[in-house]
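Chemist: Let chain A serve as the given structure and place chain B on it in line with the hints.
These protein sequence lines are chains A and B, in that order. FYI, in our numbering the residues of the first sequence are 665 to 996. FYI, in our numbering the residues of the second sequence are 5 to 397.
Among the hints, a few may not be true.
[Said to hold, decoys possible] Straight line, CA to CA, 25 Å or less: simulated SDA-like cross-link-like pairs of lysine to any residue:
1) A:K781 - A:R723
2) A:K771 - A:T811
3) A:K771 - B:R383
4) A:K694 - B:G282
5) A:K771 - B:T297
6) A:K781 - B:Q382
7) B:K315 - B:A83
8) A:K694 - B:E374
9) A:K771 - B:G138
10) A:K900 - A:R924
11) A:K694 - B:N154
12) A:K779 - B:G282
13) A:K779 - B:R141
14) A:K704 - B:Q177
15) A:K779 - B:D132
Derived from the structure by calculation, the hints contain no laboratory data.
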Amino acid sequence: MAETQKTSQKITLAKGLNMGLRKAMEDDPKVLLMGEDVGKLGGVFRITDGLQKDFGEDRVIDSPLAESGIVGTAVGLALRGYRPVVEIQFDGFVYPAYDQIVCQVAKIQFRSQGKLKMPMVIRIPFGGGIGAVEHHSESPEAQFAHTPGLKVVACSNPVDGYWMIQQAIACDDPVIFLEPKRQYHADKAELDESATPGPLFSSRVVRSGTDATVLAYGPTVKSAMAAAEAAATEGKSLEVIDLRTLSPLDMAPVYDSVRRTGRAVVAHEAHVNLGMGAEIASRITEECFYSLEAPVLRVGAFDTPYPPSRIEEDYLPDLDRILDAVDRSLAF
Amino acid sequence: MSTQSPGDTPAVSGQFGPDLVEVFGPSQQDGGPELVQLLTPEGERVEHPEFSFDLGDDAILGFYRDMVLTRRIDTEATALQRHGELGIWAQLLGQEAAQIGAGRALRPQDFVFPTYREHGVAWCKGVDPLDLLGLFRGVDQGSWDPADNNFGLYTIVIGAQTLHATGYAMGMQRDGVVGTGDPERDAAVIAHFGDGASSQGDVNESFIFAASYNAPVVFFCQNNQWAISEPIERQTRIPLYQRALGFGFPGVRVDGNDVLATYAVTQAALNRARDGQGPTFVEAYTYRMGAHTTTDDPTRYRLSDDLERWKLKDPIARVEAYLRRNGVADDDFFATLQQEADDLGHRLREGCKALPDPQPLSIFDHVYSEMTDELVAQRDGFADYLASFEGAH
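Bound conformation, chain A alone (with noise of 0.2 Å):
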C-alpha cells in the first residue's frame, strides 16, 4: 500500500493497471475481480498481484477454466449490483465467452431498455511480440468494436494503463479492455496521480507533425513512435495519433490532423481485412475528401493465422512498414 502514498514513480504498464485496479477496488466496495490464476498467483501476468491477499477471496476471485462461465457469472453479479473486473488470460481464449459478450453483455442495457446496467470491464491481454504458441498474440478488437453495445479500448502505456482502467472500470456500460501483453513489463513511465486524466473515450495526438499522421494504438504506438523518430531524421515530420478508443471512435483530433496533413496511415496488428484501419480510413475518406493527397493507407497483420512466434516479427506490423506506408503515401 506504501507506494500509493507517494505521488509521482516511475511504473511499468503492468504496474500501472495493478494500481489502477487497487485504487478501483478501494474505492468502491462493489468492484470485483474473476478470472483464471488472478487470486494467489496474481495473474499469468502479475496484473493482479498481491490484490487477492489485500481485499480477499470475496472480492478477487479464482475461477474454474471457464470463459463463457467468467463472462456468464460476472453478468450475473452485475445484474445483483456488482462491478465485475473479468481477465480473460490471453485474447485466443475469448472465444468460448463471445456468445455471453456479444449476445447478453452488449445487449441487456438495450434489451431491458435502460432498466439494467452491465458495468463490467472484460480484461484482454493482446497483441503479438512474446514468443508465444497459438492463440496467444491475437487481436480481436474489430470483433468486438462491430458488437453495438460494447465500448472497446486499447491502452498503450503505463500512465494511461493506471487511468483507463479505473475509468473503465466507473462506466456503467460494458467495455472491452486491451492491454499490449508485450508492454506489460517492458517501458517505465512517469506516474503523478495527482493528476487529473483526459476523458476515457477520447483519442489523443501523442506527437505533432506535418507531412502525414500515423494512427495507432495499443502496441503500435510504440512502433509509431519510433517510425516518425526515424521519419525526422530524413526530415519527414510525422503526427502520430494513438486512438485509445476503438469504440466508440472518437474521430474529430484525427480529421483535424489528417486536414492538415494530408495524409494517413493506420497501424495494427490485426489483420487487415475488415480491421479497424479500414472503417477508420472510410471515415477519414467521408470527412476529408478534399484534404486528402493519398488514400489513406493500412499497415497491419496479413490475413492470415498468427504464425509460429520464430517468424511473428515478420507479420506483425514494425517500424519499416510503418515507414513503408508512410513513403508510399509520400508518394502518391
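Modeler: Using the frame of chain A, we list chain B on its own:
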C-alpha cells in the same frame, strides 16, 4: 464390458462398473422409480419418504386457479398468434404444474432467471401477463422491470441465463443474504431451463461454478421430452437428474405434472440454497403437449400415441379430480374460475391489440447508458431522412 479381438482372444479386458441404467425403456416410461410424486394422475394423494406437501387445501385451490389461468394465458396467446397479433408464441401447455409448483415455492426475495417459456412462473411472481406479450408481438424485448418482481427478462439463447443465475447467487452470498437463519432475509436464485439446454456448455459451466462456490441456486429443468424435434434421447444417456452427482450436488426427479410434488421438491431445494447448502438440480419430468412454438409442427417428428398417453397425466385434471372427490371445491368454484379466466382472456386480447408499436427513433435508445456521439449523429441523420418523406405520398 469387454473388447475382444476377432480371434476371440481377449485383447483388452476390464470392468468399468455396472451397466448404465436403462434410461428410455419401459422402466423409465413414467419417469422411473425415482420419480417423486405426491398426487397421482387420478388425483389421489400419496406419501413420499423424503418429500411432503405441508400446505392445506386452500393452497391447492390456489395452485389450481394459478394453473387454470396460466393455461388460459397460453391458450389466448396461441390464438392471438393465429390471428396475426403475435409474431410467435412459446407454448407451455402441459407444463403448468411444473411452473406453478416451482413458482409458488419462491419467496419475494428469491430471484428468477427464466427461459422464454416461464409464463406460469411469471404469473406467480406477479408479472402482468400482458407484459409477456410484447416480446412475442415484437414491440419490445421484455418490458417488465426485473427489479419489480425479482423476475428476470426472458432469455432466448438457450441456457445462457443459468450462468447469470449463478453469478447473481454469488452476489447474494457477498450481500450476506444466505444462511443467516432469517427467513425474511435468506434468499436464493432459481434458474429455469429445459432438457435441450442441458446439452449447452453454459449450463454445464454454471453447474461447475455453482458447485465450486456453493452458490445458492436451484437449477430447475423442465424436461418436457422434446427440444423442438430432438427427443430427450439425443440430449442424454442417463436420467438428467443423475448428472448433478457428477458436478457434486444433489439431483432429484419430480413429477412435473404434479403441482404438489413440484412445490414440495422445489421448496426443499430453495431451502437448501437459502440455508447456504448450495445448489440443487431439480428435473421436473413433464411433457410439452403443444408445439415448441407456434411455428413448429410436432406431427412431423412425434407419435400421437405419445401425446395421448401424456394427456392422461394432465397436470390440471388431476387436481380437479382431487378437489371434486374430496369436496374441496364445488361447481360454483369452477364456474367462478371459468369466468375469471374468460375475463383474463378478454383483457389479454384487447390489451395485446392496443400495444403500441415503438417509435422508429427509439432504435437508438439504451444501446449505451448515454448515447454516443456516433449514435446521436446516426439518429439525427435518420430523423432527417424520415422527415424528408413528410407530406409525400
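Chemist: Run every hint past the structure and note whether it holds.
Modeler: Structure-based check of all given hints:
Among the hinted pairs, K781 of chain A with R723 of chain A is consistent with the structure: their alpha-carbon atoms are about 20 Å apart, no more than 25 Å. As the CA atoms of K771 of chain A and T811 of chain A are separated by approximately 9 Å, the hinted pair is consistent with the 25 Å bound. Annotation: proposed proximity of K771 of chain A to R383 of chain B holds, straight-line Cα distance about 18 Å (limit 25 Å). For a cut-off of 25 Å, the pair hint linking K694 of chain A to G282 of chain B stands: about 23 Å separates their Cα positions.
For the suggested pair K771 of chain A and T297 of chain B, the alpha carbons sit about 24 Å apart, so the restraint of at most 25 Å is met. Taking the CA atoms of K781 of chain A and Q382 of chain B, the gap is about 23 Å. The hint holds against a cut of 25 Å. Restraint check: the Cα-Cα separation between K315 of chain B and A83 of chain B comes to about 21 Å, which is no more than 25 Å; the hinted pair holds. Distance hint between K694 of chain A and E374 of chain B is fulfilled; the C-alpha atoms sit about 21 Å from each other, no more than 25 Å.
A threshold of 25 Å between alpha carbons decides the hint, and for K771 of chain A with G138 of chain B the separation of about 17 Å falls inside it, so the pair holds. Between K900 of chain A and R924 of chain A the alpha-carbon distance is near 15 Å, which keeps this suggested pair within the 25 Å criterion. About 20 Å separates the Cα atoms of K694 of chain A and N154 of chain B, which keeps this hinted pair within 25 Å; it holds. As the CA atoms of K779 of chain A and G282 of chain B are separated by approximately 29 Å, the hinted pair breaks the 25 Å bound.
A hinted pair counts as satisfied when its Cα atoms are at most 25 Å apart, and K779 of chain A with R141 of chain B qualifies at roughly 20 Å. The hinted pair formed by K704 of chain A and Q177 of chain B meets the criterion: a straight-line CA distance of about 21 Å does not exceed 25 Å. With a C-alpha separation of about 17 Å, the suggested pairing of K779 of chain A with D132 of chain B holds against the 25 Å cut-off.
Comparing the model with each numbered hint stated earlier shows that hint 12 is the single one that does not hold.
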